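Could you build the full structure based on these sequences and the hints that come with them?
Counting in the numbering used here, the sequence shown runs without a single skipped number right up to 759 at its last residue.
Hints were generated in silico from the structure; no laboratory data involved.
This one's a predicted model, so the numbers in the text were calculated from it and none came from an experiment.
In silico lysine to any residue, SDA-like type, Cα no more than 25 Å apart, as pairs:
| hint | residue 1 | residue 2 |
| --- | --- | --- |
| 1 | K592 | D636 |
| 2 | K523 | D709 |
| 3 | K695 | G577 |
Restraint-style ranges between C-beta atoms, simulated for each label pair:
| hint | residue 1 | residue 2 | range |
| --- | --- | --- | --- |
| 4 | D721 | P631 | 33 to 41 Å |
| 5 | E616 | S656 | 16 to 24 Å |
| 6 | P631 | S588 | 25 to 33 Å |
| 7 | D636 | E667 | 20 to 28 Å |
| 8 | G757 | H629 | 29 to 37 Å |
| 9 | S642 | E527 | 41 to 49 Å |
| 10 | G702 | H600 | 44 to 52 Å |
| 11 | G757 | S683 | 32 to 40 Å |
| 12 | T579 | N699 | 17 to 25 Å |
| 13 | D659 | T623 | 16 to 24 Å |
| 14 | E667 | L559 | 31 to 39 Å |
| 15 | S563 | R664 | 37 to 45 Å |
A virtual CB, placed ideally from N, CA and C, is assigned to each residue, including glycine.
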Amino acid sequence: MLNSQSKLDQEVIEGIHRIRENGVLPFIATGRGHFELDEIMSLTGISGAVAMNGQYIVLDGETIYKEEIPTSSVEKLLEAASPHSEALSFYDSQGYWVSELTDLAKTAYAYTHMPMPQADARRYLSQEVNMLLVLTNQLSQVDYYKERVPELNFFMNSPSSIDVTNSTTNKGTGINHVKEVLNFTGQTFAFGDGRNDLDLFKAADHRTAMGNAVPELKELADFISTENTNHGIINAFNHWGIM
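Written out as structure tokens, the structure is:
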């Protein structure tokens, strides 16, 4: 939905309002925290979000599902990251913080145009952690961490960070939780561009990859739209006849 500045173009705002008027219930499925979505939800009227890659789900201002990453798994990940001097970012119900404010941490949050986090290496001991990021620019580290902390799931979702969830949780399981809560039996449409959308596509009935999507996602797509910065979501809405 967002442009290169992580903002909503007016045509996207209007398009989402139109699909809502046409009986479509839009949900945001994202690696971001739900607390980062207030402006987007306000402008579009979207009332639900599968946030933190399925680890935290909200609807109409209420938390309808959440998962905690066990402290023991967090500590295993910290131990695995230490030899590589790679910091972790921690997400809970209110915000995020990092174990250390490294250059890659600064790069990662500048990339998503979000405020810089505070550094606190021990806050996870007293706060519930719902999602993690490993702040690295090395895709090969995904396999390294999977081997050392197999109870967690790792996928490179930006040039400078790896998203981390429980191994059984992803955007696809998030959508299934929403369908269960709503007793929904209709058709589902997924739109995405990143590796954290692979499981979302597997759970959806109709799958659209943006023109800028990673190759693995395009292979699963029923339709490949233009880039997200080139009317991608609007062209997808028109393709499926929902706008």
